[in-house]
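K.L.:
Each chain sits in its own coordinate frame; assemble them with the hints.
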Amino acid sequence: MTQTTRREVMALISGALAGATLGGHAFAQGTPKRGGILRISAPANPSSLDPATGGAGSDHAFLFTMYDTLTEWDFETLKPKPGLAESWTFSDPTTLVLNIRSGVTFHDGTPLDAEAVKFNLERNKRDPKSNIKADLAAMESAAVTGPLQVTLKLSTPDAALPGILSDRAGMMVSPAAVKASAAGNVARTPVGAGAYAFVSWADGEKIVIKRNEKYWKPNRPYPDGIEFSIIPELTTGSRSVTAGQNDLMYQLPPRQKAIVERASSIKIFNGPTLYVFQIFLNWAKPPFDNIKVRQAFNFAIDRETFVKAALAGLAEPAYMNLPKAHWAYDKSVAGLYPYDPDKAKKLLIEAGFKDGLPIELVGYPDQDSVQRQEILIEQFRKAGMNVRFLNAPIAEASAAFFGAEKRGSGILAAWTGRPDPSLTYSLMFTKDAYYNGGRGAVPPELEAAIKESRASEDIELRRKAFATVQRLVMENAFVAPLAFQFELVAMNKKVQGYRPNLLGKPKYDDVWLES
Amino acid sequence: MARRSPTRVIGGRLLQALPVILLATFMVFALLKLVPGDIAVTLAGDNATDARITEIRKVYGLDRPFLVQYGAWLANVVQGDLSQSLLTGEKVATSISRAFPNTLLIVAIALVLALVTGIPMGVIAAIKPDGWVDKTVSMIASLGVAIPGFWLAMILVAEISLKLNWLPATGAKSFSVSPIEAIRHALLPGIAIAAYGMAEVARQLRGSLLEVLSSQYVRTLHAKGLSMTRILWQHGLKNVSVNLFTIISILVNRMLAATVVIEAVFAIPGLGSLIVRGAIQRDFPIVQGVVFTMVIVVILVNLIADLLCAAVDPRIEQ
Chain A
284 MTQTTRREVM ALISGALAGA TLGGHAFAQG TPKRGGILRI SAPANPSSLD
334 PATGGAGSDH AFLFTMYDTL TEWDFETLKP KPGLAESWTF SDPTTLVLNI
384 RSGVTFHDGT PLDAEAVKFN LERNKRDPKS NIKADLAAME SAAVTGPLQV
434 TLKLSTPDAA LPGILSDRAG MMVSPAAVKA SAAGNVARTP VGAGAYAFVS
484 WADGEKIVIK RNEKYWKPNR PYPDGIEFSI IPELTTGSRS VTAGQNDLMY
534 QLPPRQKAIV ERASSIKIFN GPTLYVFQIF LNWAKPPFDN IKVRQAFNFA
584 IDRETFVKAA LAGLAEPAYM NLPKAHWAYD KSVAGLYPYD PDKAKKLLIE
634 AGFKDGLPIE LVGYPDQDSV QRQEILIEQF RKAGMNVRFL NAPIAEASAA
684 FFGAEKRGSG ILAAWTGRPD PSLTYSLMFT KDAYYNGGRG AVPPELEAAI
734 KESRASEDIE LRRKAFATVQ RLVMENAFVA PLAFQFELVA MNKKVQGYRP
784 NLLGKPKYDD VWLES
Chain B
-15 MARRSPTRVI GGRLLQALPV ILLATFMVFA LLKLVPGDIA VTLAGDNATD
35 ARITEIRKVY GLDRPFLVQY GAWLANVVQG DLSQSLLTGE KVATSISRAF
85 PNTLLIVAIA LVLALVTGIP MGVIAAIKPD GWVDKTVSMI ASLGVAIPGF
135 WLAMILVAEI SLKLNWLPAT GAKSFSVSPI EAIRHALLPG IAIAAYGMAE
185 VARQLRGSLL EVLSSQYVRT LHAKGLSMTR ILWQHGLKNV SVNLFTIISI
235 LVNRMLAATV VIEAVFAIPG LGSLIVRGAI QRDFPIVQGV VFTMVIVVIL
285 VNLIADLLCA AVDPRIEQ
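Taken in order, these protein sequences are the chains called A and B.
Going by our numbering, the residue at position 421 of the first sequence is 704; the numbering climbs one at a time, nothing skipped.
Going by our numbering, the residue at position 14 of the second sequence is -2; the numbering climbs one at a time, nothing skipped.
Chain B with its partners taken away, still in its complex shape (with noise of 0.2 Å):
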């Protein structure tokens, strides 16, 4: 069978993502159409009149019929236009700009803590299944995966930032303008967000390299006469590094979706902090404007985890 050139791969996945990101962005305008509560209403002030929320309608343009509505954002965005702000006029693109480098932060470390943490959690717990160690991983793991993060947020800022004052419990710094303080910020909420994906991590890595080590060729690679550590490394985690992939595409994209929480209790400025203000108060170019971003990151990560999964696995076809 021919492969198909990389480049033709990536236009390809890329192509499709289209029909998903006008699917997620539609869905996502309906709900905020069809929810009650009108931005109308926030723009008219505290005064507000009837005759006044009708004007602001008309000024605004938001008595036009949905799809139009819809199908405006839509020009605007294919002419590489996120629109504004309806209540504060600021750019959309402007704040997702200021806003993506904080999520992107808080993520990145979570996903760096997870994977040191879990990886040699999952692979010292494989090497001797059920054994006190094994144990003691899988308690670790489940309790990472059933304690919220919003609540061990608040107990390591409480204990770590409150107590101890090591590390501030509010707020971001800019990574470009003081790399060290903005990881110093953003440390808390990504131990929080990572406490799951460690466990995730773990559980998922344990599991398949159990099936990898109980192998046939495993086997014979033990007959062969070579060492536990060789295997392991050569052959192991080479086998189930597909697996690790996947696993940490599901988990970015996951971190992402956490972030919306996080973001709240540590008072960061992120995405999540955005998407949650604009849909409270039905500021729907914000909302539209960080879902589009969203998608577009999941369809990134999940191209860059199969192409990495391919380049491991020639067996998987693109």
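Bound conformation, chain A alone (with noise of 0.2 Å):
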């Protein structure tokens, strides 16, 4: 991570943040104390507490706070850190060794072992019902190499593993707890080893967790427990805060935030998350199997004007899928698509499209993203392309685009971030991927590079294979970025010690409680 980058990650955050970023403690206005609970409005109910069985990016703003990973991130750039593993090395490229942090306890008072991390990952990667096979692709057998040591056999290189276990795959979930549940089915009693304990959850209404009185990080955490209200419509959420009944609230909309700040007892603080707004394309049929449609389409998006127009400025333009502030990300990339929509119509005629070509995308019905739908239409229309939405509910819309059906081509959605870059890549543009909405082909040195991006864990490697990965991406133009979302989180004054990060799932790591 280079200060430059760093510096830019400042220039994204809010004046009143920076310093919190920066400082580390220095931020906390008084000493931190314990006590008090920590009352969240949250805005899904989660899929399962289980971080094999569970499949929603919204479940992990309760995951992280009672499961620790083997490996953490870094809040501004998400490089990975220790976490539950105090150290890494791969021996050879297709061996990963992982020494277990010494005398952590899960909250039943069972050890932290190796035993424990094998069984974890072997049941990650093997059990039917888990939905992180895939992270664990190219492991081939966990096997412990000492009391607090686990030694991984890979199939192929695989560089992405530290950045992965720092995710649901590296979730740690006490071996007892599922061996005692029937058909080891722990998705309703969760027991981990982090933060918080479990104490109850009822569905789509309330979750509650305590303080995990053993945790291994020193002081931690501060509040005596977090009580989750679970508030769907997001307004009433951020209603909930200003009038007192929560105390923060994650996911506010961009559009609320100048409402919720009139009320002088809420702060609100932002920052950049690789969250992006983004049209996927379906490159496999017409009109986008042609590269220059695909470009053009590229050209005529002014991103600057969206992030205003749409998302209230609170938004990073998005030119390819990593923001400024990643470790991955490489600024020649960025300068491919600037908005040009001479050069759009151009592209067009060349495509043999000289009078205008009517285009069909699919999208969803709520007020924001219809919103979001009519600025682009209009930035189209002036690069002479007539785009029509088809609007239906988000589990209907997504099934109809990427599933069999195959409707319209391309849909206005968003792609949450993931730990590791190249997951991004291979999720979205290898041929059999799921978020490869036509399953088309992909050049070869496209495959190959993702691959590459895998290989060596060098950083300064890895970020050269990310660079050609994000070129090959961007100029077959077989997506287009639009905007990374800002995380907005409103809480009221007496929470302390909240930072921003840049997956934009929330940690409540550092936070107390003013009495």
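Calculated from the structure, these hints are not laboratory results.
Predicted, not measured: the structure shown is a model, and the values here were computed from it.
Please note: incorrect hints may appear among the correct ones.
To be verified - Sample of chain A residues with no beta-carbon within 12 Å of chain B, all distances over it, derived:
| # | residue |
| --- | --- |
| 1 | GLY318 |
| 2 | ASP333 |
| 3 | GLY429 |
| 4 | SER512 |
| 5 | ILE658 |
| 6 | GLY686 |
What the hints assert, rightly or not - DMTMM-like mimics (lysine to aspartate or glutamate), calculated; alpha carbons at most 20 Å apart, straight line:
| # | chain 1 | residue 1 | chain 2 | residue 2 |
| --- | --- | --- | --- | --- |
| 7 | A | LYS416 | B | GLU39 |
| 8 | A | LYS408 | B | GLU39 |
| 9 | B | LYS42 | A | ASP410 |
| 10 | A | LYS462 | A | ASP410 |
| 11 | B | LYS17 | A | GLU688 |
| 12 | A | LYS776 | A | GLU758 |
| 13 | A | LYS497 | A | ASP792 |
| 14 | B | LYS157 | A | GLU423 |
| 15 | A | LYS462 | A | GLU510 |
| 16 | A | LYS489 | B | GLU39 |
| 17 | A | LYS714 | B | ASP34 |
| 18 | A | LYS462 | A | ASP391 |
| 19 | A | LYS489 | B | GLU74 |
To be verified - Calculated Cβ distances over 10 Å to all of chain B for the following chain A residues:
| # | residue |
| --- | --- |
| 20 | LYS316 |
| 21 | ASP357 |
| 22 | TYR498 |
| 23 | ALA592 |
| 24 | GLU661 |
All C-beta atoms, glycine included, are put in the ideal place defined by N, C-alpha and C.
P.N.:
In structure tokens:
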């Protein structure tokens, strides 16, 4: 991580927060103190509290509090750093050795040792209900090579693994709890080794967790517990914070920011995330089977204006799938598609569409989505493209576009970040990936470059490999990225020590409550 | 004509309810399956592959024919098991028994408010038809029907919760743990739903009371020298009570439907929120369970209304 990039991050984060992220503890106005219950408004009921069987990106906001991960990430750049594994080494490109921290126990008192890690990794890889088998595709076996050492044998070099182990695949569940539960189902009875232990979960209503008194990180966590109220209606969620029923709300919609800020008791933190609004394209059928049309489509988008008009300026224009702050961001790729409607028109003519081109896209019917669509329709119109949106609820629209029906030529949706960028690229830009909506062919050099990005653990080499991946994706214009959404978190003033992170899935590591 | 015993009447009505329950749950099930969107995709999570989605359909039995899936659900219900959420594994019966009291409290408060305000309005308006009181009542009633509940709800929250801080803006509390707190939380949503009910009660009551008051026997009562108050209480209201019970039963059903929107505005974990979540995620056991419960409630409410009508008006054949 160079200093320049770090400074760029800071430039993006609002002034008040900048001090916070830079100075570690200096941000806290006063000494952190223990006690109090943190009340959080959460926008979605978790799909499961078992990291292996769950599926939704919104689950992490709960999972991170109860499960610690083998590796963790740097809040600002997402570079992996030690977690439950205090160190790791690739003894050769296909052998990863993890050294587990000593003295860590699960909430049920059983030790988190090499046996427990092996148990978890094998469960994640082999259990029929596991949703994260693909994350560990490269892992052939996990062997206990010491009381606190696990050695992973890989079928191919996979430098993405340390990053992957900071997410679901690295969340350690108590083996005793899994073995004791019927069919190994711990979705509703989670036992981890995280900062908080599970108390109760009422579906769609409330999740209660309490401090893990034997947590390995010194003095953490500060609050006695957390109560999540599940409030899917975001406007209602933000009202619950302004009216004082909750202390904090994440995923505040940008349009709500001005309203919430009127309450003097509320402060709002924001920072860039990997969550990117984008138009996924189906490049297996007309018109996007023509590279010139895809490129024209990308030239037609005025991303700066889109951010201002659709996202209240609270986003970073996206020219590829990684934001500026990310360790693998490549500046030269970002310059490929400046806003240029004339160029777009020219490319369309070259592609044989002299008299304009009608395009049908799939979208979502909610207010914010429709607003985004209207702005884009106008931008595309200026470049000679008549875009029409076929709107349907999220579940229907995405199934219609990515599933068998192949409705529309593209879908205006979003991509939530992944802990390692190689996942982002392999899940969208390989031949058989589900998020390659048309399952269209991909140039062999792109598949090779994605593979290459996992070959070496050296971060400079990986950065170069990702530069190639990003360049190939964008030169082929397989996607039209629009904007990286900022994480917007509203909280009342007694909440201290909150830090946004680049993944955009909140962690409450240093949060404490002023009395 | 010999009257049938009440138990037989109730038993017969409940038997008639069976096909209704079957039809309603089957239609909802069919709708959920016909509408595109697939819970297998949700279950497969963010890193889905086609293979994984196919595998999930198998693991969760979603690849079975449509009728087989409905049959399996029905077989469980017959054994008293509403099965469980496909997504989170919570028992549907647990979800419903937790959500139902919250919804019930809102509807109860809304109904009481609608009657307490609507009945006097209707009566006053009927006594002096076309006077300024009647016109005012008519205007308020028209507003009550026209104003959307969710809009009223937001105005109430903005003024009463956020500005004045009198009542909580969101959430629900358990009635059995703290009745006062529970009512405080349910009051604003109750008012939001009651507005429509008040208007409906006032309008309908005014109409039917006017009819009664202009009938010949009331003129006779006047001629006998009975006071207006006595005519109203002893004869008028008793005669319109049949209409009133019918209005109430329709209102309760409408209010139950209105909670779907109102619960979202107030973040109340009731039946409405439950069915919305189930429908969005295509988690059909939840939707089926709630529909099943709602159908039973509606049938019970109608049955009670019919029995009450029969009790006050012997002319009504059971």
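K.L.:
State for each hint whether it applies.
P.N.:
Quick rundown of the hints versus the structure:
no., hint, verdict
1, GLY318, "holds, 23 Å"
2, ASP333, "violated, 9 Å"
3, GLY429, "holds, 31 Å"
4, SER512, "violated, 6 Å"
5, ILE658, "holds, 26 Å"
6, GLY686, "violated, 7 Å"
7, A:LYS416 x B:GLU39, "holds, 12 Å"
8, A:LYS408 x B:GLU39, "holds, 15 Å"
9, B:LYS42 x A:ASP410, "holds, 14 Å"
10, A:LYS462 x A:ASP410, "holds, 13 Å"
11, B:LYS17 x A:GLU688, "holds, 15 Å"
12, A:LYS776 x A:GLU758, "violated, 46 Å"
13, A:LYS497 x A:ASP792, "holds, 15 Å"
14, B:LYS157 x A:GLU423, "violated, 51 Å"
15, A:LYS462 x A:GLU510, "violated, 28 Å"
16, A:LYS489 x B:GLU39, "violated, 31 Å"
17, A:LYS714 x B:ASP34, "holds, 12 Å"
18, A:LYS462 x A:ASP391, "holds, 13 Å"
19, A:LYS489 x B:GLU74, "holds, 13 Å"
20, LYS316, "holds, 27 Å"
21, ASP357, "holds, 22 Å"
22, TYR498, "holds, 26 Å"
23, ALA592, "holds, 25 Å"
24, GLU661, "holds, 29 Å"
Figure legend: structure checked against the earlier numbered hints; hints not met, in rising order: 2, 4, 6, 12, 14, 15 and 16.
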